[in-house]
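From just these sequences and the hints, can you work out the full model?
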Amino acid sequence: MSTPSTAPTRGRRLRRSALGAALVALGLSSLQTAPVQADDPGQPVDIATPAIQALNALVQGLFNSDIVGQTSKVLGGDGETYWLTNHLRSDLVPTTALQDLGLGEAIPNLGLGGGSAGGGVPDDGKRHEYLVVWAGDNNVLDRTGKQLTNLPDVVTPDLLGKGDQIGPDFFAVVDATKGSASYGKVVNTVTVGPLVENEPHHMQYIWHKGNNIFAGGLFTDVTYVLDTSKLPALELKHVNLPTDTLCGSVPDAYWVTKDGSAYGTYMGGPDVPGPCTYSDGTTRIGNGFAGSPGELVRLDENGKTVYEAPATPETAETEQRCDNIPQLAAATCANPHGIQAREDLDTLVTSDYNEPRNIILNPVQAPSSYLRRPTVRTWDISDQDHPKLKAVSFLPDGPRVGKVAHQEEPRAAMETTVTNLPSHKGAFAETMQGGAIYYAPDITAAKPQWREVFDLTTSNKQADPSRNPYGGGSNGGWLQTSLDDKYLYHAVAGRQPSGTDLGSPSYILKLDIQDLLAAGTDTTCNIDTIEETVNGGAESDCPAVTDILPAPGGPHWGALDNLAVGDDGYFHETKDVKRIAYSNYFVARTGLNGDHRVCLVDVGSDQKLTTDTSFKDETTGDTCIDFDRETWPHGDWGPAKPHSMLFVTADDDIK
Amino acid sequence: MTTSSKARTNALRVGAAVVVGGLLVGVSAYAAGLGAADQHRTGNQLVRDWSARTDGQQVLGGSRTPGVPSVQRLRHDDVTFTVTVAPARPGPNLVRVDSTHQHGRTGPPVLVGTGEDDLVRARPRPGTDGLWAVVDLPEGSGTVLVTHGPTHRLPFIVETGTDPVDTADWVGADGPECVAVATAAVLAAGPAPTGCPAAGLTARDADSLRGVVSTLVDRGVEEIAVEHDESARSIAAYDLVRGLAGESGVPVVRPDDAPGDRNALVVLGGWETAAHDLTAVSSRPLRQQPIRSDGTWLAPWLLSPGVVDSTAGAMLALDFDIRDQGAQEFSQTLGTYFPGQLPTGPAYLAWRSVRGDAPRPLGLYAASRAAYMPASSGHAGHETVVSWFPGGTVTPVGSLGAS
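Taken in order, these protein sequences are the chains called A and B.
Going by my numbering, the first residue of the first sequence is number 1, and it counts up by one from there.
Going by my numbering, the first residue of the second sequence is number 1001, and it counts up by one from there.
Honestly, the hints are just simulated from the structure, not real lab data.
Glycine included, each C-beta is placed from N, C-alpha and C at the ideal position.
Among the hints, a few may not be true.
[Said to hold, decoys possible] Some chain B residues near chain A, calculated using beta-carbon distances under 7 Å: (1) Arg1073; (2) His1076; (3) Tyr1238; (4) Gln1288; (5) Gln1289; (6) Ala1312; (7) Ala1366.
Structural data, given as structure tokens:
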């Protein structure tokens, strides 16, 4: 494994502007926690070399103002070392916070250079809330430029220079504390290593006190598990590798249960094509990595695999057409993506999106529409460490006739969200390509009854009356009930223009679902006429549009801010969510990219949505923070792709 | 054979504009340096040769050396052409053309030759990128012409020396791999190899294939379908696989045979034949494709995007990880200097050999394209292509043997 390198010795952009940075004191100490114990195979982790990592980070700090480094390492199941390196900005993070992290000696105490060097930041008396954003390096070497790099006259072993590597993926820790002097600023970037090009994807949907963060890399098939107790610093607890989940690949999302353990959806098939035996002793034949069938994985609170559960039954799924490439003897639509659970109902829900592996740039033949899944699965989690598939539901078709088969309403069920209150037993699912929202009033039923309750044609029309409102292909993503079960949030990235199709708008949708949920299992809402696709459901209990917030840039993901400051000055969890976040990035290689911004939205007392214009990019001063920036605390690595985010706070700041 | 009229010859514009007075001076100086055999070349040939050396061609390494793949770049009419000629010896040579125009089957044709009489169309080849053509070069030096439009000819001088070398391997079906490997070695600041990979099965590749067969056997595969071609490497690989399978009691069947319940396909051909054969199957309607329970396993030299693209998901036994620092340096170097050329396993291994980096223990890797949302028309290519496979990845999934 290559030598850890947390910082380039030469920036990829081949320039080092003089930032007037202070020379940070070198007498720093590493995080003085006990070494990671042998949960991981092998020995406790030697953290002596993190000092060297931190030194490297300090060297980097010469070019990036006041950066304080700190690294945690774990041993993976493959015997390799994996690490997480914090790059904390001592010009933004209060001195007391750094002292609490054991980094007091690293605080610049000499007035060298300009800027904020000269003793650190005083404590502002606020407890801080952070937005932790899982972001991928976006290496933007211009391969299409007319001016190519000249061929070297002399070929040496150092044609590129040491610094021109692919940049690290990282967690951006953004101050999300209203009224804070560093509101909207990236106070820390936490790089992962040594794996690059993970394609950072999702974490869990919501964070609760004491939870670790579970964060997946689509392409590396790795789940990173992070301790958040000492935010703004993060610590690596564990890495779950491809060999830790042999029967599945391509981790998508996570749901953390009350005990701190988690479930993860693994969208893709077994690591190796052929038969795979799951934890329950049964076997399924899969067509390999990133193929089908996917699985549900139970992880302990540190991310170790507890149980691998098959997402497909032992017989073929034939209710609707499920293509697999290559073919499987037993066809399956099991590619679980979205995941949420109701522990009180002993039920977990997953939504199937798409067989991940596909040929995009050199297709031998046009990809099948029937790779995009129309299925939702419910699971029995009465024995939480032994989840069992309970029902496979094929979402019913709607009244629209799609321009293409994969824009029929049930296609590509990306996300699902549960209701929250004990009196409600329902859940929602949405289809990214189908452009529809479905609801089942009782997920505990042996055969949950899913019906379409909203068509994005309705909201497209309201968002932009000037365009054809056709809802198919509207690229809806994040779907989340409000914690009080009154509203449903949905991020809609919009359909890109193509030929005569002007595309569809991008926005955050908020629906009033109170009547729908109040109807219980007697709900009648059903979008089954073309008129209802355009005007909304005719039945009185159908969801109604509360607000549509224009969101240019292609919003894909979002998060509720479930943390609020109490009278005691501490954060407490709340069901009265007054703020949400969203990010504009999908997966670049699909062609649906986004403008790489992360925005905050206030929820007014009238339930209307307003972009928080005080959440500004510290570089440009524009609203929302832009991940397409040159400089990060961890170096001049250039633009990044923010995929998902969570509102989180340190242990000491929440009760 | 076409008749070259004087008017037509005069209509040819070679490279950048040349001042006539300077041209005559250049021609004279050049003629003075020629041996007796060359003094009979016409004025236009001299002009062309002179232009091929001096009109802004960039030359990798700064010099043209016989036996070293000649990699040159020239910008013309806002289009940059990168031309690789190998092995740079007298006789048939393989020419690779990359340009910042879109060419290929539907774009404007690119013709390659040494004169108006022998221009042939450079074409894509299965299993690799770029456009390819074979050109016959004389001893000493020759000029490769690359057309740009109907009348523009871009000249590239290639020094071929006088040593007689059998170039058949370079210009055959496995030529592109040979060129990629040689270029990578040169780019790594090492010597150019004199032979081609398909000429024989290396010990390292044999170990990889042993690992594949043992893994399949351990996993309970009941038959192995083997695809191969007629190269020396492929034949040796086939013999090896057949022998190992036979020792384990696992029959080897043909790829065309209907698969049994536990069947895997092992592909041992070169880039072109593998891509061709795999595409022939994957281009069929899905229901007409064979169901292979244990998937497709590629020989290690087939880690090429063009081959992986030809099938949905592939397994390989490799002794490197594309995320290793050396592999990253290699892919970044290609990305910086040769953005039209995607990294491949054999090229990286040539690079690694020159750099002296240590191999990893053999392990299993899954190579796949992972789009997460199947492409709609018109939505390809909006993203960066730095990694080994645009839109894909090669992921380590464990050790050899049953898992």
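Here's how the hints hold up against the structure:
A distance limit of 7 Å between C-beta atoms decides the matter here; for arginine 1073(B) the minimum to chain A is near 5 Å, and the interface restraint holds. Annotation: histidine 1076(B) was flagged as interfacial toward chain A, and the flag is violated, the nearest CB pair being 11 Å apart, outside 7 Å. Checking tyrosine 1238(B) against chain A: minimum C-beta separation of about 22 Å lies over 7 Å; hint violated. At its closest, the beta carbon of glutamine 1288(B) sits 10 Å from a beta carbon of chain A; the interface hint therefore is violated under the 7 Å criterion.
For glutamine 1289(B), the interface hint holds, since its Cβ comes within 7 Å of a Cβ in chain A; the closest pair sits about 6 Å apart. Annotation: alanine 1312(B) was flagged as interfacial toward chain A, and the flag holds, the nearest CB pair being 4 Å apart, inside 7 Å. Evaluation of the alanine 1366(B) hint against chain A yields a held restraint, the C-beta minimum of about 3 Å falling below 7 Å.
Checked against the numbered hints above, the structure breaks hints 2, 3, 4 and satisfies the rest.
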